[in-house]
Amino acid sequence: MFEQIKHNLETIAGVEIYPILSLLIFFLFFVGLGIWVFSYRKEKIAELSQMPLNDNFKNHEA
Numbered sequence: 678m679f680e681q682i683k684h685n686l687e688t689i690a691g692v693e694i695y696p697i698l699s700l701l702i703f704f705l706f707f708v709g710l711g712i713w714v715f716s717y718r719k720e721k722i723a724e725l726s727q728m729p730l731n732d733n734f735k736n737h738e739a
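Okay, so the sequence shown: first residue is 678 according to this note's numbering, each after it adds one.
Since the hints were derived computationally from the structure, they do not count as laboratory data.
Each hint should be verified, as a subset may be incorrect.
Listed next, the in silico SDA-like pairs over lysine to any residue satisfying Cα-Cα at most 20 angstroms (straight line) [to be verified]: (1) LYS683 with GLU693; (2) LYS721 with ASP732; (3) LYS683 with TYR695.
Modelling step: build the complete structure from the supplied sequences, incorporating the hints.
Here it is, written out as structure tokens:
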């Protein structure tokens with residue numbers, strides 16, 4: 678089965694760029710996610726971490 682798929686992929690022009698693009702998208706997503714996480718304000722993280730424990734939290738989905 679793999680031989681058939683491999684043969685079909687060899688007939689596609691420019692197919693060698695797809696693994697490179699996939700790796701690049703994967704890498705950039707996690708680098709962007711890491712930058713977003715480490716640049717998040719510490720005060721906001723502390724506020725969000727206390728929400729489940731806070732009885733006075735009001736739901737603003739009115």
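Taking the hints in turn, this is what the structure says about them:
no.	hint	result
1	LYS683 with GLU693	12 angstroms, holds
2	LYS721 with ASP732	18 angstroms, holds
3	LYS683 with TYR695	14 angstroms, holds
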